[in-house]
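Enquirer: From first to last, the protein sequence lines stand for chains A and B. Under our numbering, think of the first position of the first sequence as 1, with each following residue one higher. Under our numbering, think of the first position of the second sequence as 1001, with each following residue one higher.
These are computed hints drawn from the structure, not numbers from a lab. Just to be clear, a hint being listed does not mean it is correct.
[Claimed, not checked] Partial pick of chain B residues on the chain A-facing surface, computed with a CB cut under 7 Å:
#1 L1028
#2 I1117
#3 S1132
[To be verified] Calculated pairs, DMTMM-like style, for lysine to aspartate or glutamate (alpha carbon to alpha carbon, straight line, at most 20 Å):
#4 K1051(B) - E52(A)
#5 K109(A) - D1110(B)
#6 K158(A) - D1116(B)
#7 K109(A) - E1057(B)
#8 K109(A) - E169(A)
#9 K158(A) - D1110(B)
#10 K1055(B) - E169(A)
#11 K1051(B) - D37(A)
#12 K1123(B) - E169(A)
#13 K1123(B) - E52(A)
#14 K1123(B) - D49(A)
#15 K1059(B) - E52(A)
#16 K1055(B) - D148(A)
#17 K1092(B) - E46(A)
#18 K100(A) - D37(A)
#19 K1055(B) - E128(A)
#20 K1051(B) - E159(A)
#21 K145(A) - E1054(B)
#22 K1051(B) - E136(A)
#23 K1107(B) - E169(A)
#24 K1123(B) - E136(A)
[Said to hold, decoys possible] Selected chain B positions facing chain A (Cβ under 10 Å, derived; list incomplete):
#25 K1011
#26 I1014
#27 F1029
#28 F1030
#29 M1031
#30 L1103
Keep in mind that this is a model prediction, so the values were computed, not measured. Ideal placement from N, C-alpha and C gives every residue a C-beta, glycine not left out.
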Amino acid sequence: MIKKKKTPEATIPTSSMADIAFLLLIFFLVATVIDVDSGIGMTLPEFIDDPETVDVPKDRMAAILINETGDVLLDGQPISLFQITATLKPRIQSKIDLPKNKKLIVSIKTDRRTIYNAYISALDQVKEAFFEVRDEYSNSRYGMKFNDLGPEEQNEIKEAVPIIISIAEPEKIK
Amino acid sequence: MKFEKKRASTKQEIPTASMPDIIFMLLLFFMVTTTLREVEVLVNYSLPEAKAIEKIENKRLISYIWVGRDGRIQINDSLVKMEDIWGIMYNKRQALPNVIVSLRIDKNTDMGFVTDIQQELRKAYCLRINYSANIRI
Chain A
1 MIKKKKTPEA
11 TIPTSSMADI
21 AFLLLIFFLV
31 ATVIDVDSGI
41 GMTLPEFIDD
51 PETVDVPKDR
61 MAAILINETG
71 DVLLDGQPIS
81 LFQITATLKP
91 RIQSKIDLPK
101 NKKLIVSIKT
111 DRRTIYNAYI
121 SALDQVKEAF
131 FEVRDEYSNS
141 RYGMKFNDLG
151 PEEQNEIKEA
161 VPIIISIAEP
171 EKIK
Chain B
1001 MKFEKKRAST
1011 KQEIPTASMP
1021 DIIFMLLLFF
1031 MVTTTLREVE
1041 VLVNYSLPEA
1051 KAIEKIENKR
1061 LISYIWVGRD
1071 GRIQINDSLV
1081 KMEDIWGIMY
1091 NKRQALPNVI
1101 VSLRIDKNTD
1111 MGFVTDIQQE
1121 LRKAYCLRIN
1131 YSANIRI
């Protein structure tokens, strides 16, 4: 057998490795901003100079009006902001089996002086209603929450419960 | 009298050989999650709160518009006027067709102001927007 030659030790000194790593770590710790961008997603309509008006049957529409003091009207009835979800849910549910062009449209209209916070709260309530209906519907069909479904099933639920929210322009003259 | 402490004869050392590995793991985590902040926010704002919020999956698509408590508008690094939004956002959309505009608007802003911004965005064809909001627990 050939004996292996004893090689002189050629090691990189690793004792300072931890220090270097710590330095880098501290840099990234300081530089990290963990703020997830979250919010309420919307799609604006395209800008058309003179839009056509299409008549929508009254039972398809849920019109929410918010005035400058934050009072809410839902289809002409005064309502508390936090009741919007509960009121809209049965109306969305009743339209699950209807064809695509008969689903509920929620329209939110504000005053020019309405505070943004009130508008977001109302929009939040509306979205919450849609999400809850989606969750319940997917639970009854697949026994899972909407977020746990596969993309195909999600699309199917989205077809059945589409989120249609229309943001009406506030009136110019007051 | 002599007091002698009873000590176990085992070694009293914490093995530190794997320390760099652990640190590197942490380091990698932070390196991956870090997004270095490119812009300095010049306006003062506090976001509204909401419950039914979604996370934006793709951070690269986002472009921000800040609106401060005093009604100043900031895009990128500078304060802009209402009439300028259209041009700036139009160029942004040319560069990035499916841009998501994240509106970071102070919660006490008037809706009329918000609508004006939205009209500008519609003219610029930036139709995907996101009302930035903090989660309410």
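Enquirer: Close enough to count: is the Cβ of L1028(B) nearer than 7 Å to one in chain A?
Expert: Cβ of L1028(B) sits 9 Å from chain A, so the hint is violated.
Enquirer: Verify the proposed pairing of K1059(B) with E52(A), using a straight-line Cα cut of 20 Å.
Expert: Distance of about 36 Å is beyond 20 Å: violated.
Enquirer: Would the hint linking K100(A) and D37(A) be met if the CA-CA limit is 20 Å?
Expert: It is violated: about 32 Å lies between the C-alpha atoms, which goes past 20 Å.
Enquirer: Restraint: S1132(B) near chain A, CB-CB cut 7 Å. Satisfied or not?
Expert: With a closest approach of 4 Å, the S1132(B) hint holds.
Enquirer: Straight-line Cα separation of K1055(B) and E169(A) no greater than 20 Å?
Expert: 26 Å, violated
Enquirer: For a C-alpha distance cap of 20 Å, please report whether K1123(B) and E52(A) respect it.
Expert: 17 Å, holds
Enquirer: Measure nothing beyond the straight line between the CA atoms of K1123(B) and E136(A); if it is 20 Å or shorter, mark the hint as holding.
Expert: Violated - the C-alpha atoms of E136(A) and K1123(B) are around 38 Å apart, more than 20 Å.
Enquirer: Hinted pair, alpha-carbon criterion (20 Å max): K158(A), D1110(B). Please report holds or violated.
Expert: 33 Å, violated
Enquirer: Hinted pair, alpha-carbon criterion (20 Å max): K1092(B), E46(A). Please report holds or violated.
Expert: 17 Å, holds
Enquirer: May I ask you to test the interface hint for F1030(B) with respect to chain A, counting a Cβ-Cβ separation under 10 Å as satisfied?
Expert: This interface hint holds because 4 Å falls under the 10 Å limit.
Enquirer: Hey, K1051(B) versus E52(A), does the alpha-carbon distance stay inside 20 Å?
Expert: 34 Å, violated
Enquirer: Check whether the Cα positions of K1055(B) and E128(A) lie no farther apart than 20 Å.
Expert: 15 Å, holds
The structure fails to meet hints 1, 2, 4, 6, 7, 9, 10, 15, 18, 20, 24, 25, 26 from the earlier list, while all remaining hints are met.
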